[in-house]
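Protein chains in written order, with numbering that gives the first Met the number 0: chain A, 0 to 253; chain B, 0 to 253; chain C, 0 to 253; chain D, 0 to 253.
In short, the hints are calculated from the structure, not lab data.
A few of these clues could be false.
[To be verified] No more than 20 Å apart at the CA atoms, straight line, and that leaves these computed lysine to aspartate or glutamate pairs for DMTMM-like:
id, chain 1, residue 1, chain 2, residue 2
1, B, K45, B, E7
2, D, K173, B, E7
3, D, K62, C, E156
4, A, K62, B, E156
5, B, K63, D, E156
6, C, K63, A, D141
7, C, K63, A, D82
8, D, K62, C, E145
9, D, K205, D, D82
10, D, K10, D, D82
11, C, K63, A, E145
Protein chains: 4
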Amino acid sequence: MNDTLIVEKEKPKKLRNGILLTGLPGIGLIGQVVGRYLVEELKAKKIALLLSPHFPHQVFMTKKGGMRLIKNSFYLCHGKTHDILILLGDIQAMSSVGQYEVAGAVLDYCQKLGVKEIMTVGGYSTGKISEDRRIFGVTTSDPLRERLKKQGVIFGEARGSIVGAAGLLPALGKLRGLEGACLMGETHGSYVDTVSAKQIVLLLSKYLSLKVDLKRLDAKAQESQKVLKKVQEEVQKSMEAQFEATSRNVSYIR
Amino acid sequence: MNDTLIVEKEKPKKLRNGILLTGLPGIGLIGQVVGRYLVEELKAKKIALLLSPHFPHQVFMTKKGGMRLIKNSFYLCHGKTHDILILLGDIQAMSSVGQYEVAGAVLDYCQKLGVKEIMTVGGYSTGKISEDRRIFGVTTSDPLRERLKKQGVIFGEARGSIVGAAGLLPALGKLRGLEGACLMGETHGSYVDTVSAKQIVLLLSKYLSLKVDLKRLDAKAQESQKVLKKVQEEVQKSMEAQFEATSRNVSYIR
Amino acid sequence: MNDTLIVEKEKPKKLRNGILLTGLPGIGLIGQVVGRYLVEELKAKKIALLLSPHFPHQVFMTKKGGMRLIKNSFYLCHGKTHDILILLGDIQAMSSVGQYEVAGAVLDYCQKLGVKEIMTVGGYSTGKISEDRRIFGVTTSDPLRERLKKQGVIFGEARGSIVGAAGLLPALGKLRGLEGACLMGETHGSYVDTVSAKQIVLLLSKYLSLKVDLKRLDAKAQESQKVLKKVQEEVQKSMEAQFEATSRNVSYIR
Amino acid sequence: MNDTLIVEKEKPKKLRNGILLTGLPGIGLIGQVVGRYLVEELKAKKIALLLSPHFPHQVFMTKKGGMRLIKNSFYLCHGKTHDILILLGDIQAMSSVGQYEVAGAVLDYCQKLGVKEIMTVGGYSTGKISEDRRIFGVTTSDPLRERLKKQGVIFGEARGSIVGAAGLLPALGKLRGLEGACLMGETHGSYVDTVSAKQIVLLLSKYLSLKVDLKRLDAKAQESQKVLKKVQEEVQKSMEAQFEATSRNVSYIR
Numbered sequence: 000m001n002d003t004l005i006v007e008k009e010k011p012k013k014l015r016n017g018i019l020l021t022g023l024p025g026i027g028l029i030g031q032v033v034g035r036y037l038v039e040e041l042k043a044k045k046i047a048l049l050l051s052p053h054f055p056h057q058v059f060m061t062k063k064g065g066m067r068l069i070k071n072s073f074y075l076c077h078g079k080t081h082d083i084l085i086l087l088g089d090i091q092a093m094s095s096v097g098q099y100e101v102a103g104a105v106l107d108y109c110q111k112l113g114v115k116e117i118m119t120v121g122g123y124s125t126g127k128i129s130e131d132r133r134i135f136g137v138t139t140s141d142p143l144r145e146r147l148k149k150q151g152v153i154f155g156e157a158r159g160s161i162v163g164a165a166g167l168l169p170a171l172g173k174l175r176g177l178e179g180a181c182l183m184g185e186t187h188g189s190y191v192d193t194v195s196a197k198q199i200v201l202l203l204s205k206y207l208s209l210k211v212d213l214k215r216l217d218a219k220a221q222e223s224q225k226v227l228k229k230v231q232e233e234v235q236k237s238m239e240a241q242f243e244a245t246s247r248n249v250s251y252i253r
Numbered sequence: 000m001n002d003t004l005i006v007e008k009e010k011p012k013k014l015r016n017g018i019l020l021t022g023l024p025g026i027g028l029i030g031q032v033v034g035r036y037l038v039e040e041l042k043a044k045k046i047a048l049l050l051s052p053h054f055p056h057q058v059f060m061t062k063k064g065g066m067r068l069i070k071n072s073f074y075l076c077h078g079k080t081h082d083i084l085i086l087l088g089d090i091q092a093m094s095s096v097g098q099y100e101v102a103g104a105v106l107d108y109c110q111k112l113g114v115k116e117i118m119t120v121g122g123y124s125t126g127k128i129s130e131d132r133r134i135f136g137v138t139t140s141d142p143l144r145e146r147l148k149k150q151g152v153i154f155g156e157a158r159g160s161i162v163g164a165a166g167l168l169p170a171l172g173k174l175r176g177l178e179g180a181c182l183m184g185e186t187h188g189s190y191v192d193t194v195s196a197k198q199i200v201l202l203l204s205k206y207l208s209l210k211v212d213l214k215r216l217d218a219k220a221q222e223s224q225k226v227l228k229k230v231q232e233e234v235q236k237s238m239e240a241q242f243e244a245t246s247r248n249v250s251y252i253r
Numbered sequence: 000m001n002d003t004l005i006v007e008k009e010k011p012k013k014l015r016n017g018i019l020l021t022g023l024p025g026i027g028l029i030g031q032v033v034g035r036y037l038v039e040e041l042k043a044k045k046i047a048l049l050l051s052p053h054f055p056h057q058v059f060m061t062k063k064g065g066m067r068l069i070k071n072s073f074y075l076c077h078g079k080t081h082d083i084l085i086l087l088g089d090i091q092a093m094s095s096v097g098q099y100e101v102a103g104a105v106l107d108y109c110q111k112l113g114v115k116e117i118m119t120v121g122g123y124s125t126g127k128i129s130e131d132r133r134i135f136g137v138t139t140s141d142p143l144r145e146r147l148k149k150q151g152v153i154f155g156e157a158r159g160s161i162v163g164a165a166g167l168l169p170a171l172g173k174l175r176g177l178e179g180a181c182l183m184g185e186t187h188g189s190y191v192d193t194v195s196a197k198q199i200v201l202l203l204s205k206y207l208s209l210k211v212d213l214k215r216l217d218a219k220a221q222e223s224q225k226v227l228k229k230v231q232e233e234v235q236k237s238m239e240a241q242f243e244a245t246s247r248n249v250s251y252i253r
Numbered sequence: 000m001n002d003t004l005i006v007e008k009e010k011p012k013k014l015r016n017g018i019l020l021t022g023l024p025g026i027g028l029i030g031q032v033v034g035r036y037l038v039e040e041l042k043a044k045k046i047a048l049l050l051s052p053h054f055p056h057q058v059f060m061t062k063k064g065g066m067r068l069i070k071n072s073f074y075l076c077h078g079k080t081h082d083i084l085i086l087l088g089d090i091q092a093m094s095s096v097g098q099y100e101v102a103g104a105v106l107d108y109c110q111k112l113g114v115k116e117i118m119t120v121g122g123y124s125t126g127k128i129s130e131d132r133r134i135f136g137v138t139t140s141d142p143l144r145e146r147l148k149k150q151g152v153i154f155g156e157a158r159g160s161i162v163g164a165a166g167l168l169p170a171l172g173k174l175r176g177l178e179g180a181c182l183m184g185e186t187h188g189s190y191v192d193t194v195s196a197k198q199i200v201l202l203l204s205k206y207l208s209l210k211v212d213l214k215r216l217d218a219k220a221q222e223s224q225k226v227l228k229k230v231q232e233e234v235q236k237s238m239e240a241q242f243e244a245t246s247r248n249v250s251y252i253r
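Required output: the full structure, derived from the provided sequences and hints.
See the structure below:
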């Protein structure tokens with residue numbers, strides 16, 4: 000396996016007003032909590048996997064004695080106004096080369112399904128706790144900016160850079176004619192922020208005319224955090240082993 | 000040589016109930032000891048080499064003044080019920096990208112020969128010495144789980160992740176329609192565990208209806224350990240030289 | 000996106016006496032200041048972008064709530080005697096493999112447009128402040144050396160090596176039959192040297208029969224420095240985060 | 000430029016008893032001194048260059064104001080009994096992936112020219128100064144071993160591994176049906192050993208029926224050492240700059 004690979008479990012029809020939402024690990028875990036919650040509440044269906052040689056070369060053992068690859072997954076659900084593709088995953092690629100390769104594969108798949116709009120979700124770390132939990136946005140499209148402004152998204156205040164898929168997907172998508180934006184929930188940055196995640200779920204449900212009940216979000220967020228922590232610990236363990244091995248001792252052959 | 004390469008010395012007929020067993024370096028050296036022992040006891044024949052640019056760029060000098068590449072090798076033997084392909088090697092690829100590439104090449108070759116089942120062998124490190132040396136399993140296939148349970152393999156108790164080929168081969172194999180499992184011998188983790196290796200040889204000989212005499216296993220394990228130690232020392236030497244060179248001094252050009 | 004990519008916004012006609020000038024980050028920021036200044040003064044038009052998986056996987060947020068990829072850009076202007084292609088960018092590829100790949104893509108594009116001459120611009124660090132700010136040159140072509148000598152460029156005094164695009168582009172260009180040189184402004188090396196940059200702008204305007212007013216150069220240089228500093232800080236932040244993560248803690252998944 | 004590239008300056012006819020000799024940097028600088036000396040004494044002609052994205056992304060400035068890429072070069076001369084291809088270079092690829100890629104490109108080129116035998120030259124470091132300066136060999140071919148034994152090469156005494164091209168070229172060449180050996184001059188290891196280099200030149204001139212005058216070898220060796228030292232210093236400087244940049248400060252953009 001030399002390249003990032005998308006394994007389709009189902010081949011859906013061309014999407015109607017197709018939009019991609021991302022729920023990947025990042026600041027305040029906001030993207031991931033939002034993505035997982037929407038998948039569950041909207042009963043979205045898993046339709047494809049994304050595997051990559053730029054993910055760690057590890058598999059996780061499950062409680063039932065199964066094994067699962069480190070992967071990202073695509074889920075699909077049909078809203079009143081939009082067909083919504085949601086990308087979930089416990090990990091992002093570990094190098095620039097890997098990040099660009101995975102982003103390219105995601106966009107290829109989106110275009111194949113007829114997605115027109117790329118909406119990534121992340122956190123915007125301020126180092127303090129804000130009451131409002133505003134939602135900041137950046138976008139590659141003026142019409143999309145107007146649509147999002149109507150929902151209360153604040154443009155032109157966030158500063159700095161966005162690392163990883165949350166930035167690459169809309170920015171590279173633009174080169175393919177896709178509208179794109181990144182929504183960032185205001186957050187402290189050093190803990191999981193379900194308040195901010197809720198704000199984004201609310202905003203997205205209005206923007207996409209969805210009915211989403213928020214009351215299970217806190218419980219779901221805790222679960223997400225637990226899963227991610229385990230993934231991180233396992234990946235970290237093997238990375239430390241490799242790091243030590245590369246620089247020093249004999250035990251690197253596992 | 001830009002890609003992992005399989006050099007076939009012989010082209011066997013399609014395998015009958017083909018199964019891949021792996022004997023690669025890992026925890027407690029269990030996989031490697033089991034694999035090497037089976038190759039010897041079953042008089043398996045070397046039919047192919049696997050070379051990779053993700054292995055160290057070194058060759059070993061032999062006692063007779065020859066040289067051998069760092070490689071993995073495939074051996075084939077014909078049991079009563081199964082044709083058994085065994086993958087041996089002193090090394091695994093040194094990066095995620097390399098691990099996925101090598102796993103893909105192994106699976107391509109397995110499919111070409113008609114292998115239906117991927118059985119990797121490793122150790123499960125507990126940090127203590129258990130009397131029983133239980134055998135834990137994870138699998139991608141319910142029927143295979145049932146077959147292995149009958150042999151006493153314990154499912155659902157091992158926790159965490161499996162790093163490298165022992166996990167990637169069955170997990171990626173599943174995407175190609177191959178049944179797969181990883182057998183892990185319970186072991187302390189910081190020394191070569193021939194007791195645990197013996198348990199797995201026993202289990203495999205029952206599972207595959209083989210006649211295997213266990214009495215030479217201890218001697219064979221010592222030999223494996225010696226070989227691997229040498230390989231590790233040599234690879235380590237050159238890695239340290241490179242590491243120093245990259246970070247500091249002038250001597251990196253060798 | 001697996002390879003360096005050139006996105007053409009316009010397809011110009013074959014260039015007349017086509018020459019490539021580079022304005023990339025480097026010693027004393029001379030190349031970048033010269034390049035940006037020429038683009039502005041000559042009202043050169045952006046005709047293509049260069050994206051690469053060897054650039055950082057980040058996007059920058061703009062003041063207006065937009066986002067921009069880390070990229071290089073090609074600008075075109077038509078002088079009296081030459082059609083001039085200018086390559087600007089805030090970054091160069093981060094590895095040898097990336098540097099060669101990007102250089103190859105730049106040269107492919109130059110050849111497609113009909114560029115005949117590659118002129119890179121950089122600084123030559125002496126560790127002291129010289130009154131004259133001489134301009135040193137190295138070249139792959141005897142006729143070009145003669146032409147540049149007439150403009151006062153000093154050949155045969157600079158020593159050592161040139162790292163990155165400023166060296167690779169003319170040297171690799173030679174293998175494709177393109178004339179090439181690197182112009183290096185004498186400079187201290189540890190601060191932005193607009194005096195040296197002015198000398199090179201003067202020289203290029205004579206060499207290419209251009210009318211360039213120098214009076215806005217200082218202001219422009221300050222702007223360049225500010226932009227680059229921001230880019231560097233953002234890229235640095237994410238690189239440090241990755242570095243820490245690889246060697247130590249759990250927070251690497253962003 | 001995404002792959003290792005061979006640039007042919009001439010297309011010679013199929014070689015008669017074609018043999019490749021290598022003169023690359025390594026232990027005691029023996030290979031490089033031998034190679035350079037033979038090229039000069041035999042008036043071998045440069046017929047091709049080898050460039051690689053796995054070499055440093057730097058060019059060297061020459062005394063005359065020219066620039067040269069970091070590269071390897073192929074020289075050809077016609078002996079009484081053999082056509083001899085000599086590979087010279089100041090550098091080897093900097094990673095395993097690069098080493099395998101370059102070795103593959105060298106072997107492709109050798110096969111195209113009709114080379115039948117790969118003879119690499121290196122040093123065997125003993126940490127002490129031996130009077131005899133014996134020559135150790137390892138080989139992939141029994142007939143070649145016999146031919147070399149007749150010349151006094153000692154087989155079966157050298158231990159450990161050979162890092163880089165000196166080992167990879169004959170070992171990978173074997174898979175293509177080429178005979179191969181590595182000759183190693185016994186040497187202390189921490190200084191340039193012209194005595195040992197002389198022994199190998201002598202041996203090769205007998206083995207290949209060449210007339211080689213040895214009296215300029217010492218002077219030539221000093222020159223080689225000077226050239227290599229400069230190359231190493233320059234490459235080292237840029238690697239240190241990158242290393243610091245990656246782990247720490249802001250100045251990595253050059």
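For each hint, the structure was consulted:
Distance hint between B:K45 and B:E7 is fulfilled; the C-alpha atoms sit about 9 Å from each other, no more than 20 Å. Using a Cα cut-off of 20 Å, the hinted pair D:K173 and B:E7 holds, with the two alpha carbons roughly 14 Å apart. Of the pairs offered as hints, the one joining D:K62 and C:E156 holds, with about 7 Å between alpha carbons and a cut-off of 20 Å not exceeded. Annotation: proposed proximity of A:K62 to B:E156 holds, straight-line Cα distance about 7 Å (limit 20 Å).
For the proposed pair B:K63 and D:E156, the alpha carbon gap of about 8 Å is at most 20 Å, so the pair holds. The hinted pair formed by C:K63 and A:D141 meets the criterion: a straight-line CA distance of about 11 Å does not exceed 20 Å. Between C:K63 and A:D82, the direct Cα distance comes to roughly 29 Å. Violation of the 20 Å bound is thereby established for this hinted pair. Distance check on the hinted pair: D:K62 and C:E145 sit about 16 Å apart at the alpha-carbon level, within 20 Å; holds.
Our distance criterion of 20 Å between C-alpha atoms is met by D:K205 and D:D82, whose separation comes to about 15 Å. The straight-line distance between the Cα atoms of D:K10 and D:D82 is roughly 14 Å, inside the 20 Å bound, and the hint therefore holds. The hinted pair formed by C:K63 and A:E145 meets the criterion: a straight-line CA distance of about 13 Å does not exceed 20 Å.
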